[in-house]
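Visitor: Residue strings, one per chain:
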Amino acid sequence: MSETHTATHGHNSPYPAWTEWLFTTDAKKIGMVYMIMAFIYFFVGGICAGAIRIQLATPTMNFVDGVTYNGLVSMHGTVMIFLWVMPFIAGIINFVMPLQIGARDMAFPRLNAMGLWLFNAGALVLMATFLLGMPQAGWTSYAPLSTLDKKEIGMDLWILGIQLLGVSSIMSGLNFIVTILRLRAPGMTIFRMPLFVWSSLVVGWLMILAMPAIAVTLLEVLLERHFGFTFFGPAHGGDPILYQHLFWFFGHPEVYILIMPAFGIISEVIPVFSRKPIFGYKLMAWSMILIAFLSFLLWAHHMFASGMDPRLTLPFMILTMIIGVPTGVKMFNWMATMWKGKLYLDTPMIFALGFLITFAIGGFGGIILASIPIDLHITNTYFVVGHMHYVLFGGSVMAIFAAVYFWFPKMTGYKLNEKLGIWHFVFTFIGSNVTFLPMHWLGMLGMPRRVLTYAAIYASDNLMATIGGFIMGLAQLILVWNWWITLKKKERCEENPWRSKGLEWTHASSPPRPDNFEEIPTVDWEPYDYGLPAPAQAAKVKEAKAHG
Amino acid sequence: MKPFNPKWALPILFVLAAFPVFSDSFIAQPITEYGVKIVGLSYIMMALCILFFLLVVGVIGYSLWKFRAKGPNEEGVAIHGHTGLEIVWTVIPALIMLALGLASTVLVFDQLNPPKKTLIVKVTGYQFGWDFEYYQADASLSSGASDVQTVRNICGNPAVMVKIKSLHVKSIDEFTIPKDTDIRFLTSSKDVVHSFWVPEFLIKRDMVPGLVADFWVHPNQTGDFVAKCAALCGASHGLMVAKVHVVDRQQFQTWLAAQPGADLSPLAN
Amino acid sequence: MADSKPHYTHLGHSNPWPFVASLGLMIGVFGLLFTMYKNPVGWMFVTIGGGLFLIAVFTWLTTMVREDIGEATEHTVPEFPSIGKWMVGFLILSEVFLFGALFATYFYLRNHDQVYTQSLLHYYEVNGEVFQIWGLVPILNTIFLVSSSVTVHFAEEALRHGKAKVFQILMAITVVLGALFVGGQAFEYWNFSVNEHFTPQTSTFGGTFYTLTTLHGMHVFAGVIVLTSLLVGSFFKSLSPKRHVALTVASVYWHFVDVIWIILVCVIYLRLI
Numbered sequence: 004m005s006e007t008h009t010a011t012h013g014h015n016s017p018y019p020a021w022t023e024w025l026f027t028t029d030a031k032k033i034g035m036v037y038m039i040m041a042f043i044y045f046f047v048g049g050i051c052a053g054a055i056r057i058q059l060a061t062p063t064m065n066f067v068d069g070v071t072y073n074g075l076v077s078m079h080g081t082v083m084i085f086l087w088v089m090p091f092i093a094g095i096i097n098f099v100m101p102l103q104i105g106a107r108d109m110a111f112p113r114l115n116a117m118g119l120w121l122f123n124a125g126a127l128v129l130m131a132t133f134l135l136g137m138p139q140a141g142w143t144s145y146a147p148l149s150t151l152d153k154k155e156i157g158m159d160l161w162i163l164g165i166q167l168l169g170v171s172s173i174m175s176g177l178n179f180i181v182t183i184l185r186l187r188a189p190g191m192t193i194f195r196m197p198l199f200v201w202s203s204l205v206v207g208w209l210m211i212l213a214m215p216a217i218a219v220t221l222l223e224v225l226l227e228r229h230f231g232f233t234f235f236g237p238a239h240g241g242d243p244i245l246y247q248h249l250f251w252f253f254g255h256p257e258v259y260i261l262i263m264p265a266f267g268i269i270s271e272v273i274p275v276f277s278r279k280p281i282f283g284y285k286l287m288a289w290s291m292i293l294i295a296f297l298s299f300l301l302w303a304h305h306m307f308a309s310g311m312d313p314r315l316t317l318p319f320m321i322l323t324m325i326i327g328v329p330t331g332v333k334m335f336n337w338m339a340t341m342w343k344g345k346l347y348l349d350t351p352m353i354f355a356l357g358f359l360i361t362f363a364i365g366g367f368g369g370i371i372l373a374s375i376p377i378d379l380h381i382t383n384t385y386f387v388v389g390h391m392h393y394v395l396f397g398g399s400v401m402a403i404f405a406a407v408y409f410w411f412p413k414m415t416g417y418k419l420n421e422k423l424g425i426w427h428f429v430f431t432f433i434g435s436n437v438t439f440l441p442m443h444w445l446g447m448l449g450m451p452r453r454v455l456t457y458a459a460i461y462a463s464d465n466l467m468a469t470i471g472g473f474i475m476g477l478a479q480l481i482l483v484w485n486w487w488i489t490l491k492k493k494e495r496c497e498e499n500p501w502r503s504k505g506l507e508w509t510h511a512s513s514p515p516r517p518d519n520f521e522e523i524p525t526v527d528w529e530p531y532d533y534g535l536p537a538p539a540q541a542a543k544v545k546e547a548k549a550h551g
Numbered sequence: 015m016k017p018f019n020p021k022w023a024l025p026i027l028f029v030l031a032a033f034p035v036f037s038d039s040f041i042a043q044p045i046t047e048y049g050v051k052i053v054g055l056s057y058i059m060m061a062l063c064i065l066f067f068l069l070v071v072g073v074i075g076y077s078l079w080k081f082r083a084k085g086p087n088e089e090g091v092a093i094h095g096h097t098g099l100e101i102v103w104t105v106i107p108a109l110i111m112l113a114l115g116l117a118s119t120v121l122v123f124d125q126l127n128p129p130k131k132t133l134i135v136k137v138t139g140y141q142f143g144w145d146f147e148y149y150q151a152d153a154s155l156s157s158g159a160s161d162v163q164t165v166r167n168i169c170g171n172p173a174v175m176v177k178i179k180s181l182h183v184k185s186i187d188e189f190t191i192p193k194d195t196d197i198r199f200l201t202s203s204k205d206v207v208h209s210f211w212v213p214e215f216l217i218k219r220d221m222v223p224g225l226v227a228d229f230w231v232h233p234n235q236t237g238d239f240v241a242k243c244a245a246l247c248g249a250s251h252g253l254m255v256a257k258v259h260v261v262d263r264q265q266f267q268t269w270l271a272a273q274p275g276a277d278l279s280p281l282a283n
Numbered sequence: 130m131a132d133s134k135p136h137y138t139h140l141g142h143s144n145p146w147p148f149v150a151s152l153g154l155m156i157g158v159f160g161l162l163f164t165m166y167k168n169p170v171g172w173m174f175v176t177i178g179g180g181l182f183l184i185a186v187f188t189w190l191t192t193m194v195r196e197d198i199g200e201a202t203e204h205t206v207p208e209f210p211s212i213g214k215w216m217v218g219f220l221i222l223s224e225v226f227l228f229g230a231l232f233a234t235y236f237y238l239r240n241h242d243q244v245y246t247q248s249l250l251h252y253y254e255v256n257g258e259v260f261q262i263w264g265l266v267p268i269l270n271t272i273f274l275v276s277s278s279v280t281v282h283f284a285e286e287a288l289r290h291g292k293a294k295v296f297q298i299l300m301a302i303t304v305v306l307g308a309l310f311v312g313g314q315a316f317e318y319w320n321f322s323v324n325e326h327f328t329p330q331t332s333t334f335g336g337t338f339y340t341l342t343t344l345h346g347m348h349v350f351a352g353v354i355v356l357t358s359l360l361v362g363s364f365f366k367s368l369s370p371k372r373h374v375a376l377t378v379a380s381v382y383w384h385f386v387d388v389i390w391i392i393l394v395c396v397i398y399l400r401l402i
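Protein chains in written order, with this note's numbering: chain H, 4 to 551; chain E, 15 to 283; chain P, 130 to 402.
Keep in mind that a hint or two might mislead.
Okay, derived cross-link-like pairs now, SDA-like style, lysine to any residue, Cα gap no bigger than 25 Å in a straight line [stated by the list, open to error]:
1) K214/P x V323/P
2) K130/E x D277/E
3) K366/P x V275/P
4) K177/E x T246/P
5) K204/E x P237/H
6) K154/H x T246/P
7) K418/H x K130/E
8) K492/H x I470/H
9) K543/H x G85/E
10) K285/H x E89/E
11) K418/H x G369/H
12) K343/H x I106/E
13) K422/H x F42/H
14) K548/H x Q267/E
15) K84/E x F299/H
16) K154/H x E254/P
Bear in mind the hints are in silico, worked out from the structure with no lab data behind them.
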C-alpha cells in the first residue's frame with residue numbers, strides 16, 4: 004500500500020477490522036472514544052444525582068437508606084469529576100489540539116492509547132461498586148471514615164479505580180505538554196498559539212504535578228486499611244488532618260484541571276462569534292499560568308474548620324483572594340472581546356454567554372467562601388454545594404456543551420440543529436439555576452451537606468432544587484435527540500460553518516483526514532485575526548448607513 | 015424562527031429562584047456577638063457580589079442589544095487590548111479583595127484570642143451522638159493539681175492551651191448554656207471526623223479524633239436551637255443532631271446545681 | 130514550507146499493547162482486591178492480569194528499543210527529535226511531586242509525634258530505643274547506586290565514541306550494581322523485620338520508612354529492567370552512536386533514581402534535617 008493511501012485512508016493495520024477502535028493510536032479516534040464514554044458516564048452520574056434529589060425532595064422522603072444515600076453521594080461526585088469532565092477534556096484536547104497547532108498526532112500516540120484504556124479500566128473498576136457496594140466516604144474519602152471499615156469493598160474498589168485513573172491522567176498530561184512544546188507547525192511561536200492550546204498546556208502541567216499527591220494519599224489509605232500501616236489513625240500516632248492536607252494538595256489543583264480547558268474553550272468561541280480578536284491575548288495566556296501556579300498554594304482553604312492551627316489558615320485565605328483577581332480579569336476580557344464586536348448568537352456562543360453568567364455566580368460564591376470567618380459558618384454546607392455546581396456545571400459543563408456544538412461540524416461534517424441547541428440551552432440554563440441558586444441560602448440558613456434529610460424549614464427550597472434538577476437532567480435528552488437526528492440525516496454543512504480562523508478550520512477538512520493535513524502549513528499570522536481595524540470599520544459603517 | 019434571546023431566561027430565573035421567597039432571610043439569625051459581625055460581613059459581601067453580578071449582566075445584556083450582527087459576514091472592530099482598562103480591572107478587584115481580607119482577618123483574631131476565664135463545654139462526637147461535658151477554665155488554676163487538666167491542640171496551636179477543672183456535669187445529645195457569658199467549646203471525637211455546628215453561632219468546628227479544637231461564643235439571646243453534624247461521618251450523618259438550650263444565667267445555675275454529681279466549686283472564682 | 134512525506138509514528142497504525150496492558154492491569158486490580166479480601170481466586174487474577182501486563186509492556190518496550198536501534202523506518206521514526214528527553218524530564222518532575230508527598234508525610238508525622246510526646250526522637254524509637262537504621266547495608270547500597278550512575282554515564286559516553294564493547298561492559302556492571310541494590314534492600318527489610326522487629330506496623334516512622342524505600346526500590350527495579358532490555362537488545366543489533374534516545378532516557382531516569390536515594394539517605398537514614 005502506498006504512503007499516500009495510508010495517509011488518506013489510514014488502513015494499514017495487520018489486525019482485524021473490529022479492533023480498529025480498540026487498538027487505534029490516532030488522537031482523533033482516541034479523542035472520540037474519550038468523549039463518547041464521558042457522555043455515557045455523565046448520564047450515570049446524572050442518575051445518581053436524580054436519586055439524591057428524589058431523596059431530598061421532601062423532609063420525610065424515604066427513597067433510599069443512609070448507606071445507599073452515602074454511596075450515591077460518593078459516586079455522583081466521583082463519576083462526574085473522574086469519568087465525565089476529566090475524560091471529556093482529554094477527548095476534546097486529543098481531537099482539537101493537534102489540529103490547532105498543525106501537528107499530525109500527539110507526540111506519543113501509543114502512550115495516548117494507554118491513557119485511554121487505563122481510563123476505561125479505572126472506570127470499570129469504579130462501576131463495579133454499583134454491584135459490590137458503593138464507597139461511603141464521599142469523593143473526598145476523609146480518614147478515619149475511609150480507613151475504619153476494612154470490610155467495605157466499595158472503598159477499596161474506589162481507591163484502586165482512582166489509582167488507575169490517576170496514572171491515565173499523568174500519561175495524558177505528559178503527552179499534552181511535549182506535543183505542544185515540540186510539535187507545533189513552523190512559525191507557530193508560543194505567543195501565536197490559540198488559547199485553547201494554552202489551556203491544554205497548563206492543564207497538562209496541573210495533571211502531572213497534582214495527580215501524584217492523590218496517588219500517595221490513596222496508597223497510604225490502602226496500606227492503613229489492609230496492611231496495618233498507620234498514617235491517619237490517632238490511636239498509633241497518626242493524624243486525620245494529614246489526610247486532609249495530602250488530599251487537598253491534589254484536590255485543589257484538581258478543580259483547576261476541571262476549569263482550565265473551559266477557559267480555553269470560551270476563549271476560542273467568543274472571538275469567532277464576536278468577529279473580534281480576543282481582548283488581551285497575552286494577559287489571557289499569563290493569567291492561566293498564574294492561576295495554575297497559585298492553585299497549588301491554596302489547598303487548606305478547604306480546611307479552615309478542620310482543627311488545623313488557625314494561625315496557619317490566614318495565608319491560605321490571602322492566596323485564595325489573590326487568585327480571584329486573574330480569574331476576574333479573564334471574565335472582564337471576555338466581556339471586552341464582545342464589546343464593539345458583531346455578535347452572532349449561534350448555539351456555541353449562547354452556551355459561552357451562559358458560561359459567563361453562571362461561572363460569575365460560582366466565582367462570587369468562591370470569593371465569599373474565601374473569607375475565613377464566613378467560611379467557618381458555610382463550609383460543609385449547601386452553600387459549598389451551590390458554589391461548586393455553579394463553577395463545575397455552570398463553568399466546565401457549559402463550556403463542554405459550547406465545545407460540542409462548536410467542534411461537532413469539524414468532527415463529523417454535520418452541524419447540529421440550531422433550534423434544538425437553543426432549547427437545550429434554555430432548559431439547561433433555567434434548570435441549573437433553579438437547582439443550584441437556592442443552595443446558597445440553604446447553606447447560610449443552616450443545612451449541612453451530604454445529609455439525606457433536613458429540618459422542615461428547608462423543605463420548599465429543596466423541593467425547588469429537585470424540580471430544577473429534573474428540568475436540567477431531562478434537558479440533556481434534547482442534546483441526545485439532536486445527535487440522533489443529525490447523524491441520521493447526514494446533511495453535510497460547509498467546511499468552516501463558523502468562519503473561524505483557527506488552523507483546525509482553515510487547513511483541515513471536516514472531518515479531518517487521518518494525518519490531519521495535506522501539507523503542514525507555516526504559520527505567519529497572529530491568532531484571532533478577526534475584525535477590521537477601527538478606521539476601516541468606521542468607513543464600512545458609514546457606507547452601510549449611506550446606502551440605507 | 016429567531017433564536018431565543020437568552021436575556022429573557024434571567025427574569026424567569028429570578029422569579030423562580032432568585033429571591034429566598036420561602037424563607038425569612040438568607041442567613042441564620044445570630045444569637046452571639048460574634049455571630050452578628052459575621053452576618054454583617056456576609057451582607058456586605060453579598061451586596062458587593064450582587065452589584066458586580068448586575069454589572070456583568072448589564073454589560074453582556076447591553077452588548078447583546080447594541081452589538082448584535084444584523085446580517086451575515088459582518089466584522090467587529092479589531093481591538094486587541096487596552097492596558098489602561100486591564101490595569102483598572104486588575105487593581106479595583108484587588109483593592110476590594112484587600113478590604114475583604116482585612117475585615118476577615120479582624121474577625122479571625124477575634125476567635126484567636128478567647129477570654130481567659132470561660133465556661134468550657136467539651137463536645138465529643140461519635141457515630142452518631144454527642145457527649146457534652148462542662149468545665150471551668152481559669153489560667154490561675156495550678157497545673158499540678160490532680161483535678162486540673164491541661165488541654166492542648168495536637169496540631170500545635172498554643173491558643174488552645176487552657177487549664178480546666180471539671181464540673182462533673184455531662185449531658186448526652188443535648189446541652190444547656192447561659193446567655194451573657196463567655197463560653198468556649200472544645201471539640202473532639204471518639205471515632206471519625208465529625209463537625210459541631212449550631213448555625214445560630216455562625217461558626218463551626220470539626221470534631222477530630224486525636225486532637226482538640228476550639229471556638230468561643232458570647233450568646234446574647236435565649237432560645238432553643240439545634241446543633242448539626244457538618245462532616246460526613248457514616249450512614250446516620252444526616253440524623254446526627256443535638257438540642258441546644260440557651261437560658262439566662264440564673265436558670266443555668268439552677269440547672270447545673272440540679273445535675274447529679276455536679277461540683278460547682280470551680281465556678282466560685 | 131510543506132513536508133514532503135508523512136513522517137508520523139503509527140500513522141493510521143494500530144497497536145494492541147496499550148489495550149492489553151490496561152486489560153491486564155484491570156484484571157490485576159480485581160485480583161489484588163480479591164486477595165485483600167482473602168478470596169482464593171485473587172492470585173489467579175493477579176497472575177493472569179500481571180502476566181498480560183508484563184507481556185504487553187515487554188513487547189512495547191522491545192518495539193521501542195528496536196525502533197531506536199536502527200530498524201526504524203520512515204513510518205516509525207518521529208520527525209521531532211528529543212521528545213523522548215522532554216518526556217522523561219517532565220516525568221521526573223511529576224515523580225518529584227510523588228516522592229515529595231511521601232516526604233511531606235514523613236515530616237508531618239514526625240512533627241506530630243514531637244508535639245504529642247514532647248520528645249524530639251521518640252518518632253524513631255523501636256522498643257523504647259532510638260532505632261539506628263544507618264549501617265553497613267545502606268552504606269553499601271549507596272556505593273552501589275552512586276557507582277552505577279557513574280558507570281551508566283560512561284557507558285553512554287563510550288557508545289557515543291563508537292566503543293560498543295565498552296558500552297556493553299559498563300551497562301552490564303550498571304545492571305549488576307542495580308540488582309545488588311535491590312537485593313540489599315530486600316535483605317535489609319528481612320533483617321529489620323525478623324531480627325530488629327522493626328516493621329511497617331511498628332510505628333508511623335516504620336510506615337513512612339518502608340513506604341518511601343519500597344517505592345524507591347520499585348523505581349530502581351523498573352530501571353534495572355529497562356537497562357537490561359537495552360543491554361540485551363544491543364547484542365542483537367548495535368545501538369547507534371548518534372541516536373539512542375531510549376538509552377539517554379533510561380540513563381537520565383537512573384540518575385534521578387540515584388538523587389532520590391541520596392535525599393533518602395540524608396533525610397531518613399542520617400536525619401540531617
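Visitor: Confirm or reject each hint.
Guide: Hints versus structure:
no., hint, verdict
1, K214/P x V323/P, "43 Å, violated"
2, K130/E x D277/E, "21 Å, holds"
3, K366/P x V275/P, "29 Å, violated"
4, K177/E x T246/P, "19 Å, holds"
5, K204/E x P237/H, "10 Å, holds"
6, K154/H x T246/P, "32 Å, violated"
7, K418/H x K130/E, "71 Å, violated"
8, K492/H x I470/H, "34 Å, violated"
9, K543/H x G85/E, "13 Å, holds"
10, K285/H x E89/E, "22 Å, holds"
11, K418/H x G369/H, "36 Å, violated"
12, K343/H x I106/E, "23 Å, holds"
13, K422/H x F42/H, "21 Å, holds"
14, K548/H x Q267/E, "85 Å, violated"
15, K84/E x F299/H, "46 Å, violated"
16, K154/H x E254/P, "31 Å, violated"
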